[in-house]
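Given the coordinates of chain H, work out where chains S and C should sit on it, guided by the hints.
Here the protein sequences come in this chain order: H, S and C. Just add 99 to wherever you are in the first sequence, counting from 1, and you've got my numbering. Just add 118 to wherever you are in the second sequence, counting from 1, and you've got my numbering. Just add 127 to wherever you are in the third sequence, counting from 1, and you've got my numbering.
Since the hints were made in silico from the structure, they are not lab data. Hints may contain errors.
To be verified - Partial list, computed: chain H residues near chain C (C-beta under 8 Å):
(1) Ile496
(2) Gly500
(3) Val547
(4) Glu635
(5) Gly639
(6) His666
(7) Asp667
(8) Met668
(9) Lys696
(10) Ala700
(11) Val701
(12) Gln702
(13) Tyr705
Note that beta-carbon positions come from the ideal geometry of N, C-alpha and C, so glycine has one too.
The residues making up each chain are set out below.
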Amino acid sequence: MIKQRPFLVETLTAVGLILAPFILPHLGFAPNTVNRILVWGLFGIGFDILFGFTGLLSFGQSALYGTGGFVAAYLLTRAGFPHVITSLFIGMIAAAAVGYLVGLIALRRTGIYFAMITVAIAEVFFFVEFNPLAEWTGGENGLPGVPSPSFDLGFTHITFSSGWSLYGFLAFWYFIGIVVGLRIVRSPVGAVFRAIRDNPLRAAAVGHNIHSYKLTAFVIAAAYAGFAGGLLGVMQAFMPPDAFMFHTSAELIMMTAIGGTGTLFGPLVGASIWLFLQDFLQAALGLGAAWKLVLGVIFVLLVCFLRRGIVGGIHDLYLWLTRRGESEPDAPEGVPLPLGADVTASDTPAMPVQPRATNGYDGPILQAVGLTKRYGGLVANSDIDFTVNHGEVRGIIGPNGAGKSTFFKMLTCEVPPTSGRIVFEGNDITGRNVTDVCQLGLTKSYQVNQLFSRLTVRENLIIAVLGELRGKFRLDIFRKMDNVPGLTEQVERTLAMVNLSARADTPVTALAYGEKRRLEIGLALASSPSLLLLDEPLAGMSPQERVETVKLLKSISRGRTMIVIDHDMDSLFELVERVTVLQEGRVLVEGTPEEIKGNPAVQEAYLGGVLE
Amino acid sequence: MINWANLVSQMFNGLVLGALLALISSGLTIIYGTLGVLNLAHGAMFMLGGYAGYVAFTYTDSFIVAVIAGSLFVMVAGVVMERVIIRHFYGRPDEDQLLVTFGIGIVMVELVRFFFGSLSLTVPPPKILSGITSLGFMFYPTYRLALVGIIAVALLALFLVLYRTRIGMIVRAGIEDSVMVDSLGINVYRVFMVVFGIGAMAAGFAGIVNAPVVSLTPDMGEAILVQTFVVVVIGGVGSFPGAILGGLIAGEIISITSMINPGYAYVMLFAAMTLVLVLRPHGLLGTQGRA
Amino acid sequence: MSLLEVHGLNSYYADSHILFDVGLHVERNEVVALIGRNGAGKSTTLKSLMGVVRPRSGQIVLDGVNVAGKASHAVAHAGMQLVHEDRRIFGSLNVEENLILAGLTADNKWPLDRIYEMFPRLRERKGSRGTDLSGGEQQMLAIARALIRDPKIVLLDEPFEGLAPVIVRDLMKACRDLAAEGQTIVLVEQNLAATLALAQRVYIINNGHIVHEGRAADIKAQPDVLHRYLGV
Numbered sequence: 100m101i102k103q104r105p106f107l108v109e110t111l112t113a114v115g116l117i118l119a120p121f122i123l124p125h126l127g128f129a130p131n132t133v134n135r136i137l138v139w140g141l142f143g144i145g146f147d148i149l150f151g152f153t154g155l156l157s158f159g160q161s162a163l164y165g166t167g168g169f170v171a172a173y174l175l176t177r178a179g180f181p182h183v184i185t186s187l188f189i190g191m192i193a194a195a196a197v198g199y200l201v202g203l204i205a206l207r208r209t210g211i212y213f214a215m216i217t218v219a220i221a222e223v224f225f226f227v228e229f230n231p232l233a234e235w236t237g238g239e240n241g242l243p244g245v246p247s248p249s250f251d252l253g254f255t256h257i258t259f260s261s262g263w264s265l266y267g268f269l270a271f272w273y274f275i276g277i278v279v280g281l282r283i284v285r286s287p288v289g290a291v292f293r294a295i296r297d298n299p300l301r302a303a304a305v306g307h308n309i310h311s312y313k314l315t316a317f318v319i320a321a322a323y324a325g326f327a328g329g330l331l332g333v334m335q336a337f338m339p340p341d342a343f344m345f346h347t348s349a350e351l352i353m354m355t356a357i358g359g360t361g362t363l364f365g366p367l368v369g370a371s372i373w374l375f376l377q378d379f380l381q382a383a384l385g386l387g388a389a390w391k392l393v394l395g396v397i398f399v400l401l402v403c404f405l406r407r408g409i410v411g412g413i414h415d416l417y418l419w420l421t422r423r424g425e426s427e428p429d430a431p432e433g434v435p436l437p438l439g440a441d442v443t444a445s446d447t448p449a450m451p452v453q454p455r456a457t458n459g460y461d462g463p464i465l466q467a468v469g470l471t472k473r474y475g476g477l478v479a480n481s482d483i484d485f486t487v488n489h490g491e492v493r494g495i496i497g498p499n500g501a502g503k504s505t506f507f508k509m510l511t512c513e514v515p516p517t518s519g520r521i522v523f524e525g526n527d528i529t530g531r532n533v534t535d536v537c538q539l540g541l542t543k544s545y546q547v548n549q550l551f552s553r554l555t556v557r558e559n560l561i562i563a564v565l566g567e568l569r570g571k572f573r574l575d576i577f578r579k580m581d582n583v584p585g586l587t588e589q590v591e592r593t594l595a596m597v598n599l600s601a602r603a604d605t606p607v608t609a610l611a612y613g614e615k616r617r618l619e620i621g622l623a624l625a626s627s628p629s630l631l632l633l634d635e636p637l638a639g640m641s642p643q644e645r646v647e648t649v650k651l652l653k654s655i656s657r658g659r660t661m662i663v664i665d666h667d668m669d670s671l672f673e674l675v676e677r678v679t680v681l682q683e684g685r686v687l688v689e690g691t692p693e694e695i696k697g698n699p700a701v702q703e704a705y706l707g708g709v710l711e
Numbered sequence: 119m120i121n122w123a124n125l126v127s128q129m130f131n132g133l134v135l136g137a138l139l140a141l142i143s144s145g146l147t148i149i150y151g152t153l154g155v156l157n158l159a160h161g162a163m164f165m166l167g168g169y170a171g172y173v174a175f176t177y178t179d180s181f182i183v184a185v186i187a188g189s190l191f192v193m194v195a196g197v198v199m200e201r202v203i204i205r206h207f208y209g210r211p212d213e214d215q216l217l218v219t220f221g222i223g224i225v226m227v228e229l230v231r232f233f234f235g236s237l238s239l240t241v242p243p244p245k246i247l248s249g250i251t252s253l254g255f256m257f258y259p260t261y262r263l264a265l266v267g268i269i270a271v272a273l274l275a276l277f278l279v280l281y282r283t284r285i286g287m288i289v290r291a292g293i294e295d296s297v298m299v300d301s302l303g304i305n306v307y308r309v310f311m312v313v314f315g316i317g318a319m320a321a322g323f324a325g326i327v328n329a330p331v332v333s334l335t336p337d338m339g340e341a342i343l344v345q346t347f348v349v350v351v352i353g354g355v356g357s358f359p360g361a362i363l364g365g366l367i368a369g370e371i372i373s374i375t376s377m378i379n380p381g382y383a384y385v386m387l388f389a390a391m392t393l394v395l396v397l398r399p400h401g402l403l404g405t406q407g408r409a
Numbered sequence: 128m129s130l131l132e133v134h135g136l137n138s139y140y141a142d143s144h145i146l147f148d149v150g151l152h153v154e155r156n157e158v159v160a161l162i163g164r165n166g167a168g169k170s171t172t173l174k175s176l177m178g179v180v181r182p183r184s185g186q187i188v189l190d191g192v193n194v195a196g197k198a199s200h201a202v203a204h205a206g207m208q209l210v211h212e213d214r215r216i217f218g219s220l221n222v223e224e225n226l227i228l229a230g231l232t233a234d235n236k237w238p239l240d241r242i243y244e245m246f247p248r249l250r251e252r253k254g255s256r257g258t259d260l261s262g263g264e265q266q267m268l269a270i271a272r273a274l275i276r277d278p279k280i281v282l283l284d285e286p287f288e289g290l291a292p293v294i295v296r297d298l299m300k301a302c303r304d305l306a307a308e309g310q311t312i313v314l315v316e317q318n319l320a321a322t323l324a325l326a327q328r329v330y331i332i333n334n335g336h337i338v339h340e341g342r343a344a345d346i347k348a349q350p351d352v353l354h355r356y357l358g359v
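Bound conformation, chain H alone (with noise of 0.2 Å):
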C-alpha cells in the first residue's frame, strides 16, 4: 500500500512542503487558505488512523480537537503561561487523556452504536464548553489573544505571526505529523489496526487484545486532534468555540472521505479540495454559500462510486496499470491447484513446535471432564469426557444434532461451558477467550475463511505471527517491523507448510478458493500452535481438491497434535488415528477409524435402525 522505499514518502512530503510557498499561489491559493488546509491535515492524519486504518468511525473528534486547543489557549491567554510549544503539547496530553476516557466509554460497542455514541460525545463537549465551562473557555466569545509562537534565541528572536511566516511553524509541525504517522502505520501496532478493521474476529483469535488496541488508535486520534486544536487557536490568534462544534467533526470527516481514507494524507488532499473549492465556488462563481451544498453532492458521490477517495482512486488506477501484465489468480474451480514441486509429506519442512511453558507437564495435551452446554432448555451437550494425547491427530464425527460444532467451540473458548472444565497443557482454560487461548497455543482454522481481507497473504500471516510474538498487547508504535525478531522466518516457514510462498504477495481478493482455504489453515499455524483444532476443513471443495488438502493436513501434523471435524468421512479417516464419536450430546464411542467403521451402534447412529 504505501511504498517500503525507506524514507520516499517523508523525503516527497519535505520537498512538497518547502516547495509549496512558490507553487500553490499561483494555483490560486492563499497563505491564510494553506496554513488552514494543514491544521486540517495534521487533525486528519489522527482520524485516519482511527477509521481509515482501524475502521472506527468516530463523529466526536471535535471533542478532542477543541480540548487541545482550549487548553493550550487558555494556557496562553488566561493563565499567562509564556512558552506557545510547550502549551501544543500540554494541549495535546490533555487532549490525549480525555481520549482515553472517552473511549473507554465509546468503545463498549461497535460499529453503529459507537458512531452514535461519538455523536453524543461531540454534543455533549460543545455544550459543556458553551455553558458550564465558560468561564474558561469565553463561552460563544471563545479565547481571543492567542500569541504567535517566537523562539528567542539570544542574538535574535524569530517570531512566526502569520501567512507564510506561519507556515514554516505550521509546515513543520504536519511533517512530524506524517513522520510519526507513517511510523505508527508501519509498525506491529499499524498491522494489527488493520487487521481490527478487516475482520476483529479473526484478530481476535490470533491473540490479539482488540479492546486495548482500538484504545490506542482513539488516543492517537485525540493526541493529533489535540495538537491540531492548539495549532488553530496559534494560527488564528484566537480559540473559536466552533472547534467544538459537531459541524468540525463532520467536515473533518468528509474531507478525509474525499481525500481517501487509509492513506494518511487523504485528509490534507481532502482539506485543500474543500478549502480551495469553497473559496472558489464563493467567489468565482458568486455562489455564495451554495458551496457546501456542492461539496456535499461531491461527498455522496464519492461515497457511492469512489469507495477510497481521490488518493485511492489514484492508488488503485495506478495499480491496475501496473497490475495488468501480472499472473491471473490460479485455475478455476475443478483444475487441479498446483501444490508445487511434487509435494510429498517428507518434503515439506517441519515447523517447530514452539516450546511453550509447561512446567514440566507431561499429561494429556487437553482434558475435558464433563463438559456440558445449556441453551435455555435444550442441552447441546451433556457431560462430555474428552482426552487428546499429544500428537495425536484425532476426528470428531457423529450424525445430525450431535453437538459437535458446539463442543468445539467450547474447546476453542468461542462459547463458555455451562459446566464442567477445560484444561490445556496443564492449565485451566475454561471460560476464558479465544485470545488468551490462542497466546497459550490453542489455535482454530474456521469453517468459513475468516481472513484480513484488505492485506495480502503475507500481510495476513504476519498478523499472526505479531501475535505470538508480542503477546496480547504491547505498544510498540515506533518500531520497524524488520525489527521484530524472528518475523519474517516464521512468517516463511508458515508459508511454505501451506505452500502460498509463490503467492506471498498476492492479495486476498485475488486468490482463489483453495489457496484461501490454505492460508485459512495458515493463520491458524503462524503461531506455532501446540493444538490446531479445524473445522470443516475439506468444505466447500471439488474431489481433488480434497485429495490435496489431505495430503496437506497430513504434512502439517508432524510433531503437531490435531483435531479435526469434518462431515467428509472418507477423507477424515484416511487423515485420523483416532475417531471421537458424538451423538445426541454425548461421546457415545472412542476408536481407530477402523474400529468406528465396524462399530453397530455407530452405524445405528447414523442410519437410525432403518436396516432392520
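Same frame as chain H, but now just chains S and C:
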C-alpha cells in the same frame, strides 16, 4: 427554594419534548430495526418537514394543510432516498451506510439553506390554539398543551398502523426476519421502502407540528438527531415501545436539568446514556439481535 | 413434464462451492426425499430452489417456469414454499397472525378452517405469541404457513429435528395425509426411518454431488449404498 410553578412548567415542557423525541425516534428505530440502516439524515428530515410545512402555509394560510404537506413531502423524500441511493448500500459495510446517510443529510440541510437562507422563519400556531391557557396555578402556552395531544395522537396512529394493520404486521415481521417475509411471497424490498417512508414521515410530521414552538433554521435538525440517538440507545434499537419510553425519559432529563443549568442538560443526558450502556447494553426495552 | 426439473445447479456459500451440478426431478403428487450426511448440501439445495441462496448457475424449472436466480418472493409466487430448518416463525406475532401474513399475497389461499382441521393444536393456540409455542407447535405452524399458500410443491427442511417421538408421529401423520391429498413434497430429513416411510423416491447427495437415485423401497435393500453415503 423550589419554584413549584416553574417545576411543573418545566415538567410539561419535558413532556412535550419527550413526546416529540418519542415520535422522531420511533421513526428512526423502525428504519433501523427493519433495514439495518442508521439514518443519519433523520434530523434533516425533521427540519425538512418544518420548511415544507412553512411553504405550504405561506401559500394556503392553513395550518392543517401545512402539516399534511410537511409530512407528505418528507415521506416522498424518504422514499426517493431509499429507492435511489440507500438500496444499493444494503450489502455494504455499516460505515458506508453511515457515511451516505450522513452525506444526504448534509445535502438536505444545504439545499434548504440555499433556498431559504440561514435566518430563522416562523410558522404561527393555528388561531384557536394560540395564546395562553390558565391552569389555575400557572399559565402555559396553549399550543404547547395542544402539541402533547397532537403528538400523542400521532403516536397512537403509528401504534395502530404497526399493531392493527396488515402493513404493520408485515413491518413487525420484517424487523424480526426479513428473509422469511420474502419467502412468504412479500416483496421485502417494497417493505423496506414503505418503512423508510413511514419513518421519514414521522420525522417530517414532528418537524412541522413543532414549528410554532421554535423558529425554523436549517441547522435545527442537528440537535434533534443527537437527542434521537440517545433516546434510541436508552430505549433499545428497533423497539417502538423503547423509543417512547426513552423519549419521555430524555425529555424530562433535558427539561428538568435545564431549569437548574442549561449546559448540564446534555451532560445529564449523556450520563444517562452511558449508564444504560454499562448496565443494559441493549437498551431498556431492546432485544438481542441487531448491533 | 415434471412438476420440478433441476439441472446443473451450482451453489456457493461466499466462494465455498457447496453444490456441484446438482440435478433432480419431482413429479406431481410425489414425495421425493433428499438424504445424505450433515454438510452434504441437502439444506443448501432446498434453499437454492427457494431462492434464499442464489445459485450461480443452473436451471430450476417449476411447472414450466425457470425460477433459478429469482428472489424468494417471486419463487413463492411461482408456487414453491420452503419450511426452513429453524422454522423461523415470527415470535412477536401470534399464531393466527403468522398464518394471515403467510396468506396475504397468495392467489388461492386455504381458508383458516382448513388449516385448523389439519392442525387442531394450532386452533387451540391461535392467540398465543410465536415465542410461547413449543417446538412441535412451532413446527406445525411453520408447515401450516407454507400450506396456506396452496403451493404446488412444498420443501420440508428437517421437519422432525429436535422433536419428541410423539410429536414426530403426529407430524408424520399430517405429512402422510398431505401426500394422500396429492401434495407434492420434497423432504430433507436425517431421520431415515421416517423419510423412507414417507417418500416414494430418494436422492442421495454426498459432498455436494448427487450420487444415487432410486425408489425408497429399493434403497432399504441396499445397505452398502446407505453405509457408503450415510453411514461411516
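- request: Closer than 8 Å between Cβ atoms is the bar; does Ala700(H) clear it against chain C? Give me holds or violated.
  value: This hint is violated: Ala700(H) lies away from chain C, its Cβ roughly 11 Å from the closest one there, beyond 8 Å.
task: Identify whether the interface hint at Tyr705(H) stands, where standing means a beta carbon of chain C within less than 8 Å of its own.
output: Since the shortest Cβ distance to chain C is 5 Å, the answer is holds.
message: Min Cβ distance, His666(H) to chain C: is it shorter than 8 Å?
response: Cβ of His666(H) sits 4 Å from chain C, so the hint holds.
task: Using Cβ atoms only, decide whether Glu635(H) comes closer than 8 Å to chain C, and label the hint accordingly.
output: holds, 7 Å
message: Restraint: Met668(H) near chain C, CB-CB cut 8 Å. Satisfied or not?
response: It holds, given that the least Cβ distance between Met668(H) and chain C is near 6 Å, below 8 Å.
task: Classify the hint on Val547(H) as holds or violated, based on whether any CB of chain C lies nearer than 8 Å to its CB.
output: Holds. Min distance 6 Å.
Interface hint status, Gly639(H) versus chain C (Cβ within 8 Å): holds, 3 Å
message: Please check whether Gly500(H) passes as an interface residue: C-beta within 8 Å of a C-beta belonging to chain C.
response: Holds: closest Cβ of chain C sits about 6 Å from Gly500(H), inside 8 Å.
message: So, as I understand it, the hint says Val701(H) touches chain C; can you test that by seeing if any CB pair is closer than 8 Å?
response: holds, 5 Å
- prompt: Minimum Cβ distance from Asp667(H) to chain C below 8 Å?
  reply: Holds - the Cβ of Asp667(H) comes within 8 Å of chain C, reaching about 6 Å at its closest.
- prompt: At a threshold of 8 Å, is the proposed contact between Gln702(H) and chain C supported by beta-carbon distances?
  reply: holds, 5 Å
message: Please check whether Ile496(H) passes as an interface residue: C-beta within 8 Å of a C-beta belonging to chain C.
response: holds, 7 Å
This entry does not satisfy hint 10, going by the numbered hints stated previously; all others are met.
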